[in-house]
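Colleague: Sequence:
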Amino acid sequence: MIVTTTPSVEGRKIIEYKGVVFGEVIAGVNFLKDFAAELSNFFGGRSRSYEGELIEAREAALREMQKRAARLGANAVVGVDIDYEVLGKNGNMLMVTASGTAVLVE
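Residues 4 to 109, numbered by my numbering, are exactly what the sequence shown covers, in order.
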């Protein structure tokens with residue numbers, strides 16, 4: 004599956020548009036990761052625990068989007084966009100959404 008943020012795949016011709024596809028992931032961040040992030044915030048530096056959570060959520064959203072495109076018979080997704088939102092009463096949930104247009108290229 005070719006996945007690209009561009010509207011086309013260089014050197015390939017889009018022969019059929021299958022439709023818009025999405026992949027959504029909502030991930031909770033636990034107390035220990037919150038605590039570790041607060042320490043990073045206080046002392047400075049990067050929050051490896053949050054970065055890891057973000058990477059996992061993004062990759063899962065992209066995988067879900069690709070699965071949905073494959074179910075439509077696509078072999079590529081063009082115009083991919085990834086959005087992030089913080090949810091929950093205490094802002095302890097992360098939502099990652101990947102979207103794009105499922106296409107068949109030759």
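Just so you know, these hints were derived from the structure itself, not from any lab.
For every residue, glycine included, the Cβ atom is placed at its ideal position computed from N, Cα and C.
Fair warning: there could be bad hints in the mix.
[To be verified] Each pair of labels, with its calculated beta carbon distance range:
#1 Asn95 with Pro10: 20 to 30 Å
#2 Glu88 with Lys16: 33 to 43 Å
#3 Ile18 with Glu88: 31 to 41 Å
#4 Val89 with Arg15: 28 to 38 Å
#5 Glu54 with Asp84: 32 to 42 Å
#6 Pro10 with Gly55: 30 to 40 Å
#7 Glu13 with Leu75: 30 to 40 Å
#8 Glu13 with Arg66: 19 to 29 Å
#9 Gly91 with Ile18: 41 to 51 Å
Colleague: A separate judgement is required for each hint: does it hold in the structure or not?
Modeller: Hint check:
The hint said 20 to 30 Å for the Cβ distance between asparagine 95 and proline 10, and at roughly 36 Å that hint is violated. For the hinted restraint 33 to 43 Å between glutamate 88 and lysine 16, the CB-CB distance of approximately 35 Å keeps it satisfied. A C-beta distance of roughly 35 Å is found between isoleucine 18 and glutamate 88, which places it inside the suggested range of 31 to 41 Å. A hinted range of 28 to 38 Å holds for the C-beta pair valine 89 and arginine 15, which are about 37 Å apart.
With their beta carbons about 21 Å apart, glutamate 54 and aspartate 84 fall outside the hinted range of 32 to 42 Å. Separation of proline 10 from glycine 55 is about 32 Å and conforms to the stated range, judged on CB atoms against 30 to 40 Å. Separated by about 22 Å at the C-beta atoms, glutamate 13 and leucine 75 break the suggested range of 30 to 40 Å. Here the CB-CB span from glutamate 13 to arginine 66 is close to 24 Å, well matched to the stated 19 to 29 Å.
In this structure the supplied range 41 to 51 Å holds for glycine 91 paired with isoleucine 18, their Cβ-Cβ distance being about 43 Å.
In terms of the numbered hints stated before, the structure departs from hints 1, 5 and 7, listed from lowest to highest.
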